[in-house]
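Note that the protein sequences, when read in sequence, are chains P and L.
The C-terminal residue of the first sequence carries number 537 in the numbering used here, and the numbering is unbroken.
The C-terminal residue of the second sequence carries number 158 in the numbering used here, and the numbering is unbroken.
Bear in mind the hints are in silico, worked out from the structure with no lab data behind them.
Positions of the beta carbon are idealized from the N, C-alpha and C atoms, including for glycine.
Treat the hints loosely; a few may be bogus.
[Claimed, not checked] Straight line, CA to CA, 20 angstroms or less: simulated SDA-like cross-link-like pairs of lysine to any residue: (1) K27(L) - L194(P); (2) K435(P) - G146(L); (3) K73(L) - G146(L); (4) K499(P) - N469(P); (5) K116(L) - G112(P).
[Stated by the list, open to error] Distance ranges between label pairs, derived from CB positions: (6) T28(L) - G379(P): 36 to 46 angstroms; (7) R269(P) - D149(L): 29 to 39 angstroms; (8) V34(L) - Y39(P): 41 to 51 angstroms.
Single-letter residue listing:
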Amino acid sequence: MRILLFSILLSISFSGLTQGKGFFKESKLNGSLETNNQYYLDNKRGNILAPEKRFASNTYLTANYQYKGFRAGIQFEGYNPALQGFPTRYEGNKLVRRFIRYTNKKVDVHIGNFFEQFGNGLIFRAFEERSLGLDNNLDGVGIRYTPFRSLKIKAVWGRPRTFMERSPGEVMGGDLEWSPLNKEVNGNTQLFQLGASYVKRFMRYYGADPRFPQQVEAFAARFNGQFNSLSFSGEWVHKSIEANFPNDYIKKKGLILFLKTGWQDPTNRMGLQFQFRRLENADYKGNFNSSDAVASINYTPALTRQHTNLLANIYPHSIQPIGEIGGMGDFFIRFKKNTPLGGKFGTRVDINYSNYHALDSTRVTTGEGFISKRIIAFGKTKLFRDLNLIIDKRWTKEYKTLLTFINLFYNRTILQGGPYGDVRATLVVTDHYIKIKKKYQLRINAEHMWVNSDERNWAGLLTEWSFPNGLSLFVSDMTNYQTYKMHYYNVGFALSKNKQRIQLSAGQQRAGLLCVGGICRFVPSYNGFSLNYTLNL
Amino acid sequence: MRFLLFLLLFVPLSMLAQEKLPAVIIKTIAGKEVNTESFQNSDVPLVISFWATWCKPCLQELDAFNDLTETWKKETPARIIAISIDDSRTAAGIKKTVGLHDWSFEVFWDENQDLKRALNISLIPHTLVIDKNGVIVKRYTAYVPGNEDKILALLKTL
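Chain L with its partners taken away, still in its complex shape (with noise of 0.2 angstroms):
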């Protein structure tokens, strides 16, 4: 029943506001501290991928936009960002998993989950279509090959 309130009452609120991406602090895989905040000073729409490294889909769907990473930039000036939800358990294999798949795009590290927890995900792997404004256009739960295609195709109308 309290759920049923609970829904009721934030469904019609969270239809008002624009979902936003939060500000919250994450790290490179260095090590070195960086605000999420800094993303948007691009001017350019972002896809922000949530993977870790015992995810098989997640790797799937990373690997999927780094071969399209050539096509990519001839379409849209979009920027391409994942970030591991590792925890210290694995996190030693984030730098491992980026070099032996190699990815070209910029990848981060919410060591204590910070910024998942901010956004709500529950399951990995969770994409964000972020346009120039700011605003979370759209979210992808779980990954479909052909999701890059869709995402493309998007990327082009922002």
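If we strip away everything but chain P, and leave its shape as in the complex, we get (with noise of 0.2 angstroms):
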């Protein structure tokens, strides 16, 4: 009902204004549908049972109207029920968007429903990530401030979005960030940034426990900088003692350090980065019985490569705020064309590592659980590493190839939770692009991983064909040949037409990020039919 009277207001507000001439030509107004179905079907070999509802729909409708400074939003979600690898909690239609925002060149006042980051995300940062079903909007009032060009001040206030109701908990903060240089010399920029943040969260507790803490703090400082082809920044957080079902209910502080520093050859020959972050109690809840990633009010994410193959994501890091350190480097090396190492089209080498380990700790039987007295040491229990290499080069005008090579480690036991053990696994991918007659491409994409552990060894392969009027077909297998000898098969159909986009598929998905038809997303586990919309208006 909301919904309906909320369109025939705005279309009042519209005939209403539509008399000035100018109206129409200021006026900015755009929407969207987003509809994700699948049809199950039990796969008896596999021991896949279909879920007892067989169809199952995500749809997302959405629409923006902006005049001049003033905009005015609204998302419609419908789940009948879930798609399967969502949470079930995301159930039935509602209007879970509403806002209003004025914007000019000081302020930026937000009401209703918004999203916004604090620094890197590592205190507060409210996102919405559709294809793995977060969305942690607060309900409530959000300014920015602009005084001067060099001064930003932000404050938030409301309640995170908790699958389709909002979070108990209250959450407010402010973030100041000063940039005294900021020029451009010579073409490169000079940049230097400090910033700091507090964020606040009460939940009311209605438990046994007199000390619980239900108003949990946290405050943050940062830096960025760019000198030319150097780069560094870094952000520690702070947080008061703070219990939650993810750390077990422990009366905990919180702590998170992140340094990044890189420099790049300024004609983009060759590049140096390195990241660490320390995590301990990191996890900051803006429900503190909530389980998973949903209506978390930071943000920390697994810093490691995003492999975009089939087989690479069987074994992705999945972080552990409760105590982790470690870090990423990065380098990369362009060899130019008519050269030696780079032929007549040029070569690019991209050479990525990464290393997690648990913090160096000592249990302990107070309410703290456990301490971790020095701040930069590697614990004994590895938890990821992941070394990779890929070498892209083109060889004629029409053909190309990538080659990756992936040595990786996964503490099965941790990671998934459960005494599993370790998996070591080598993955080798080569990528073909082959053009015909310019338009249409053939992309093949095969796979090998060697695994020492686990379900053993996979092989995988992908075939698409795209057509210049927006068709693309594809094919793909995974199998871990070795053990069970499932075949994860998915075969279909992508057609693009300016605005839209329909896929249909039908196969056996293993939870991951599949690259197919010209996009990238997020696909939860199923068996069956799979169809997607997408229409902007």
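Put the two chains together into one complex; each comes in its own frame, and the hints tell you how they fit.
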């Protein structure tokens, strides 16, 4: 009903204002529809039974309207029921987002549901990632104020979204960013910024513990700089005692330390980068009883390479917010055209390494759970390591290859939770792009992964044909041929036409990031048919 | 049912108003803030492509644009802008990717996806062609080899 009222109001305000000629010129209106539907089938051989409701559907409808500095928008979501892999608490149809916003040169005020980020997001980030079922927008008020070019102030107050409802927890915070240096010298950026944030969460506790922390406060300080080819940044977050479901309600302070530095040759011939991050009781929850990433206040993603192959995503790092230390290093070199290593079209070499350990800590019997005295010390428990190399080479105008090599260590016991042991895997991927008559493209992606345990070795193959009319056909299969001998196949087509895209596929899907039909998206596991449609209005 | 009512009301409305680029603050790769309003002051058509470091078809599309830069310069004054939607998970890779691919066009960063959301983009790559008056004349969802030629043909008419 509310959505209908909103639409009617919107159209009335439209018709009332359309009298002025300038109105249409200034009005900006857009909307979108995205619907992902699946029909599930049993696979008796693989022991995958379809859920009771064989049809599932996630639908998102949005509309944004802008008139000069004013903006208003809505988002409507329907889960009938939610797709496999999504939390089941996404259910029913509801107007989940509505906002009005006013922006001028100095002030930006957001009332209703809004998204915001302080610094790197380590202390606060309200964002939406539909494909993963994440949306922790705040329902309240958000303000950005820029008194001078070099100073920016942000303030937020509201309740984070938890599935279709609001969290009982309340969040408020502020952020200050000062840029004492911000100029261009001979085309080079010289930038230096300092920032500080404060975020408080309050949620009433009705249990028996008189010392349960209902209020949790966090402070952060950060810097960011760029001098010509050199860049560096860092952030430190301190959090007061927080007990929540994921940390087993231990009463422990939180600490996050993040450092990043990089150098890149001005002519882009080569570059280097290092990142370091330490997490300790780092999960900041909008609702202390919430079990997963839903209703988190902050964002501490895995800092590893996001692989886009079929098989590499079988063993992705899943961060351990309770305690983790490690980092990532990147190096690239580009061999120019018409050089011995570059060949006629140039060669790109990209090397990436990430390594994470548990903290060096001691268990204690007090409510704190554990203590970790030394800040920069790697614990004995290895969590994840990934060394990978990508060589990107064009051989002719029509033919290009990508060769990927990955060697990884995955502590399955900790990362998946269970007595599974360690996984060591080596993966080789060859990706071939063949253009035919300039317009047609054939892509063949062949992969093999050697694994010492778990489901042992895997093989994967993907082929995709793209046609100039926007059609693409794809067939892929991945199989753990040494153990269960399951085939995770996928066959289908996608058709893109300007503002619309439709994709129909059938198969058995392992959860992971899948890149086909010109699009990359995360897909949950299912066996059956899938129909996705998007439209921009 | 509600969806249908909404669509019935919304679709005619959306046809009345021209779609323009909303004014949203995004960043340069170094972290400097830029208002997208400033893109329209140059009085030339714009091609804006949304991409991410982990999106292979996006990289393919931007490489195709890059290969054609010289040809495009001769035929149209259009400005090409690539906007990354990587979040802090993969943002460190933006600069590296730009370097590795040696792109000659401007690259920006939509850090918390404010612009992507304001334009209701759900999938990438997503490319907009915008005329001199700031009106979005075409949207391309997904990349199909050869799109770059269609875009060039369209730019010549703007």
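Each hint tested on the structure:
no. : hint                                  : verdict
1   : K27(L) - L194(P)                      : 16 angstroms, holds
2   : K435(P) - G146(L)                     : 10 angstroms, holds
3   : K73(L) - G146(L)                      : 18 angstroms, holds
4   : K499(P) - N469(P)                     : 14 angstroms, holds
5   : K116(L) - G112(P)                     : 19 angstroms, holds
6   : T28(L) - G379(P): 36 to 46 angstroms  : 38 angstroms, holds
7   : R269(P) - D149(L): 29 to 39 angstroms : 30 angstroms, holds
8   : V34(L) - Y39(P): 41 to 51 angstroms   : 45 angstroms, holds
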